[in-house]
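S.K.: Just so you know, the protein sequences line up as chains A and B, in that order.
With numbering that gives the first Met the number 0 applied, the first sequence covers 0 to 370.
With numbering that gives the first Met the number 0 applied, the second sequence covers 0 to 431.
Calculated from the structure, these hints are not laboratory results.
Some clues are possibly wrong.
What the hints assert, rightly or not - Pair by pair, the computed Cβ-Cβ distance ranges are: (1) A:Ser-18 / B:Arg-242: 15 to 23 Å; (2) A:Ser-18 / B:Thr-257: 40 to 48 Å; (3) B:Pro-326 / A:Gly-46: 12 to 20 Å; (4) B:Leu-285 / A:Gly-70: 51 to 59 Å; (5) B:Leu-241 / A:Gly-111: 35 to 43 Å; (6) B:Leu-365 / A:Glu-22: 44 to 52 Å; (7) B:Leu-285 / A:Val-72: 48 to 56 Å; (8) B:Ala-282 / A:Gly-46: 50 to 58 Å.
Stated by the list, open to error - Residues from chain B that face chain A, not an exhaustive set, calculated with beta carbons under 8 Å: (9) Ser-327; (10) Gly-336; (11) Ala-337; (12) Pro-349; (13) Gln-350.
In this text, all values refer to a predicted model and were calculated from it rather than measured experimentally.
Cβ coordinates follow ideal geometry from the N, Cα and C atoms, glycine included.
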Amino acid sequence: MAMTDSGAAFVEFDRVQKSYDGETLVVKDLNLQIAKGEFVTMLGPSGSGKTTCLMMLAGFETATHGEIRLGGVSINDIPPHKRGIGMVFQSYALFPHMTVGENLSFPLEVRGMGKSEREEKVKRALDMVQMGDFALRRPAQLSGGQQQRIALARALVFEPQVVLMDEPLGALDKQLREHMQFEIKHLHESLGITVVYVTHDQSEALTMSDRVAVFENGRIQQLAPPADLYERPENSFVAQFIGENNKLPGTVVALDGDNSKTEGKIATVKLEDGATCEALAVKCGGPGSKTLVSIRPERVSVSAEPGPNSTTAQVLELIYLGDHIRCRLNVHGNDEFVVKVPNAAGHKHLVVGETTQVTWDAEDARALDPL
Amino acid sequence: MVDATTNPTNTGLTTADGKPLKAALAHAQARSRRRAFLLVLPLLLFIVITFIVPIGQMLKRSVYNDGFTVQRNLTTGEKTPIMVNLAKWFDENPAGTEPDEAAFAALVEDLKQLKELRAAGQAGTRINYELSGSRSLFTQGARKAKKLQPPYKEALLELNPKWNDPKLWQVMRSASSNFTGTFFLAATDRTRDADGNIQSVEENRQIYLKLFWRTLKLSVLITVLTLILAYPIAHLLATLPLRYSNLLMIFVLLPFWTSLLVRTTSWMILLQSQGVLNDAMVAMGLISDGNRIQMMYNQTGTVIAMTHILLPFMVLPLYSVMRPINPSYVRAARSLGATSWTAFRRIYFPQTVPGIAAGGLLVFILAVGYYITPALVGGSDGTLISNLIAFHMQKSLNWSMAAALASLLLGGILILYWLYDRLVGIDNLKLG
Numbered sequence: 000m001a002m003t004d005s006g007a008a009f010v011e012f013d014r015v016q017k018s019y020d021g022e023t024l025v026v027k028d029l030n031l032q033i034a035k036g037e038f039v040t041m042l043g044p045s046g047s048g049k050t051t052c053l054m055m056l057a058g059f060e061t062a063t064h065g066e067i068r069l070g071g072v073s074i075n076d077i078p079p080h081k082r083g084i085g086m087v088f089q090s091y092a093l094f095p096h097m098t099v100g101e102n103l104s105f106p107l108e109v110r111g112m113g114k115s116e117r118e119e120k121v122k123r124a125l126d127m128v129q130m131g132d133f134a135l136r137r138p139a140q141l142s143g144g145q146q147q148r149i150a151l152a153r154a155l156v157f158e159p160q161v162v163l164m165d166e167p168l169g170a171l172d173k174q175l176r177e178h179m180q181f182e183i184k185h186l187h188e189s190l191g192i193t194v195v196y197v198t199h200d201q202s203e204a205l206t207m208s209d210r211v212a213v214f215e216n217g218r219i220q221q222l223a224p225p226a227d228l229y230e231r232p233e234n235s236f237v238a239q240f241i242g243e244n245n246k247l248p249g250t251v252v253a254l255d256g257d258n259s260k261t262e263g264k265i266a267t268v269k270l271e272d273g274a275t276c277e278a279l280a281v282k283c284g285g286p287g288s289k290t291l292v293s294i295r296p297e298r299v300s301v302s303a304e305p306g307p308n309s310t311t312a313q314v315l316e317l318i319y320l321g322d323h324i325r326c327r328l329n330v331h332g333n334d335e336f337v338v339k340v341p342n343a344a345g346h347k348h349l350v351v352g353e354t355t356q357v358t359w360d361a362e363d364a365r366a367l368d369p370l
Numbered sequence: 000m001v002d003a004t005t006n007p008t009n010t011g012l013t014t015a016d017g018k019p020l021k022a023a024l025a026h027a028q029a030r031s032r033r034r035a036f037l038l039v040l041p042l043l044l045f046i047v048i049t050f051i052v053p054i055g056q057m058l059k060r061s062v063y064n065d066g067f068t069v070q071r072n073l074t075t076g077e078k079t080p081i082m083v084n085l086a087k088w089f090d091e092n093p094a095g096t097e098p099d100e101a102a103f104a105a106l107v108e109d110l111k112q113l114k115e116l117r118a119a120g121q122a123g124t125r126i127n128y129e130l131s132g133s134r135s136l137f138t139q140g141a142r143k144a145k146k147l148q149p150p151y152k153e154a155l156l157e158l159n160p161k162w163n164d165p166k167l168w169q170v171m172r173s174a175s176s177n178f179t180g181t182f183f184l185a186a187t188d189r190t191r192d193a194d195g196n197i198q199s200v201e202e203n204r205q206i207y208l209k210l211f212w213r214t215l216k217l218s219v220l221i222t223v224l225t226l227i228l229a230y231p232i233a234h235l236l237a238t239l240p241l242r243y244s245n246l247l248m249i250f251v252l253l254p255f256w257t258s259l260l261v262r263t264t265s266w267m268i269l270l271q272s273q274g275v276l277n278d279a280m281v282a283m284g285l286i287s288d289g290n291r292i293q294m295m296y297n298q299t300g301t302v303i304a305m306t307h308i309l310l311p312f313m314v315l316p317l318y319s320v321m322r323p324i325n326p327s328y329v330r331a332a333r334s335l336g337a338t339s340w341t342a343f344r345r346i347y348f349p350q351t352v353p354g355i356a357a358g359g360l361l362v363f364i365l366a367v368g369y370y371i372t373p374a375l376v377g378g379s380d381g382t383l384i385s386n387l388i389a390f391h392m393q394k395s396l397n398w399s400m401a402a403a404l405a406s407l408l409l410g411g412i413l414i415l416y417w418l419y420d421r422l423v424g425i426d427n428l429k430l431g
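In isolation and in its complexed conformation, chain A is listed as follows (with noise of 0.2 Å):
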């Protein structure tokens, strides 16, 4: 689903700028193709821009620089109520003053459409999701959950070709949260929609995304299928966000082979302690520059095997999770080392103060650039 070809983008930001006082940019250069049907989740710590993003898209909010493209006709000066575009909001938005009949009926309404058409449409939005019972009902007469589904309902009602999502699941509880996850999705698959969803929670975007661009700081830092997000992390701030990640900062050695190019070669990372480990070097200098090695907890082993990476470690504190155990050890003088040890059929029972090994793959650890 990955794109690049800008030819057959659907939805597209190109060189998108955006300051809201004139001094400062809240969405800096943003460039972001979107496919037909594809569902794309704007992740972000809050403050990032990713909700100005969504804003600009719906209409709310102009550009202050570049163009937003929506099925290759630039929508910069085309009012929100002629874009098509259908929004799901965090607070819902439904309208307490009108029924949830009523609610769907709205946009059908405002387009024109006749009323047997009207009921037609609105009874089959409201089968869709599971609600058709409640058409009579206020929107306050409805739990958390209903309403989340009667807003979802309203945005597809009219049948558009995107629909954006702003943190709609954000308050709802968990449970329900990830229930909610695999609708949406379902509904995505079956209709075929182009999906925009904004979401700070990070094992929602995860579940739910063909690809993720995580934000920070206005600028899109990584744009990837959640996989290769979580496996392949392109810098600190993606490995710090996304999972659980330790961190080893220290500073290049040396590269195996020349050193022109850095990227996809293991480097020689001389670490804090004066140790030195591998690492694959993704986001480095050559010799000399500093670097932040990150390693994902589950990829590291508990063994006495010796490895490239071998260390001594000592166990700090060990937390019971049932299917796994959670071990904080020291490593490479870093208190905040975390290993996971699946609770498998003979794994290793470690105890608290004991001094073990710890060992991982020099592809496992990314040298990343420093924080």
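Fit chain B to the given chain A structure using the hints.
M.R.: Frame of chain A, contents of chain B only:
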């Protein structure tokens, strides 16, 4: 549930030691209830003493006037019944009876007593409310009563032929009873003729209904004008970031902190024919010096000044309703395909109706009873019913008339309030 099955005679639930649950609950809560009531008590007493009792007094006074039946000695506070003989004759003879010698004898007897008590002015004033020129008739009659000889009818008529006026006798008959509807009749421009039939007063003496109508009309106009002016302001206040909206809110509230009199007189300076506005228009050549626009001492002045003064009362309820309206409602409507006008009309406006209703009701009720501003800038054309009530309280000293007018005003507002409840629903009222 155990009790209900084991003890069929006792159907209610009981506590562990057998006391009925309801009684136990009431006992348990009695103390906190008493405490709560004690906290409310000062305010309750205050309202009863300063609000409910005076209004009750006012309502009573509109139908009760003992000016023709009781005399109060102002120094001793002693009450003496007056006009007792005449009242007795009225009791014995039905309405419409030609006053005979006995009636005049009773009248003269009472006039003598009036002279003694120096109450002729008081009694005459009471009759004067309904038949002008009667006060002097009574003071003259009381002065000369001692010298009158029977037959009293001729003697009295010789003194003043007005004593034979059937209207006068009808008025005296109604005044000899403390309770009367006359003031309400007068307050609606009606009166009783000599036979006691209700009829409208002559066209050129009708003032109250006209004033009620004018008060209603101007109040509606002022309410509509404040709504038109306040709606955009309130919307701006509600949508601006807090630090700007607070500053603006101070400008809205500023008039509250300025004396009402100052605000009204500043309008006089602006609007009078030699005022700032007229001078400016003459200077710009928009109007000639001879054709200065009269904006003061008429309805225009009243409307302009009152609209300005009552504006905050419309802004505040509107603001308090608009502030919590999530901007995503309008955004949602827009994204669903509504133009900005449709989004306003179908989504935003219906949610502000409680504020409009509250502000409208507040401004209307205040406008209906407004006094100082119309008195100062209204002239003869722009005064309202409250000015007439004040006139009866302070100038003509006809408190019963003032009370009747005020009661009608109060009744009118209560009816509007009821209508409002039926149409909008009092639950929708939101003041802040």
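S.K.: So, as I understand it, the hint says Gly-336 of chain B touches chain A; can you test that by seeing if any CB pair is closer than 8 Å?
M.R.: 5 Å, holds
S.K.: Is the hinted range of 51 to 59 Å satisfied by the C-beta distance from Leu-285 of chain B to Gly-70 of chain A?
M.R.: Roughly 56 Å apart at Cβ, these two residues keep to the hinted range, so it holds.
S.K.: Holds or violated: the hint that Gln-350 of chain B contacts chain A, with Cβ atoms closer than 8 Å.
M.R.: Holds - the Cβ of Gln-350 of chain B comes within 8 Å of chain A, reaching about 6 Å at its closest.
S.K.: So the hint says 40 to 48 Å: do the beta-carbon atoms of Ser-18 of chain A and Thr-257 of chain B match that?
M.R.: The hinted range 40 to 48 Å holds for Ser-18 of chain A and Thr-257 of chain B, with Cβ atoms some 41 Å apart.
S.K.: Quick one: are Ala-282 of chain B and Gly-46 of chain A within 50 to 58 Å, going by C-beta?
M.R.: At 55 Å between Cβs, range holds.
S.K.: Can the suggested window of 44 to 52 Å be confirmed for the beta-carbon pair Leu-365 of chain B and Glu-22 of chain A?
M.R.: 46 Å, holds
S.K.: Using Cβ atoms only, decide whether Pro-349 of chain B comes closer than 8 Å to chain A, and label the hint accordingly.
M.R.: Status holds, d = 5 Å.
S.K.: Hint says 35 to 43 Å; check whether the CB-CB distance for Leu-241 of chain B and Gly-111 of chain A agrees.
M.R.: 40 Å, holds
S.K.: Would you say the C-beta atoms of Ser-18 of chain A and Arg-242 of chain B sit inside 15 to 23 Å of each other?
M.R.: 20 Å, holds
S.K.: Report holds or violated for the interface hint on Ser-327 of chain B, using the least CB-CB distance to chain A and a cut-off of 8 Å.
M.R.: 4 Å, holds
S.K.: Can the suggested window of 48 to 56 Å be confirmed for the beta-carbon pair Leu-285 of chain B and Val-72 of chain A?
M.R.: 52 Å, holds
S.K.: State, for the Cβ atoms of Pro-326 of chain B and Gly-46 of chain A, whether the hinted interval 12 to 20 Å holds or is violated.
M.R.: 19 Å, holds
Violated hints: none; the structure is consistent with every hint.
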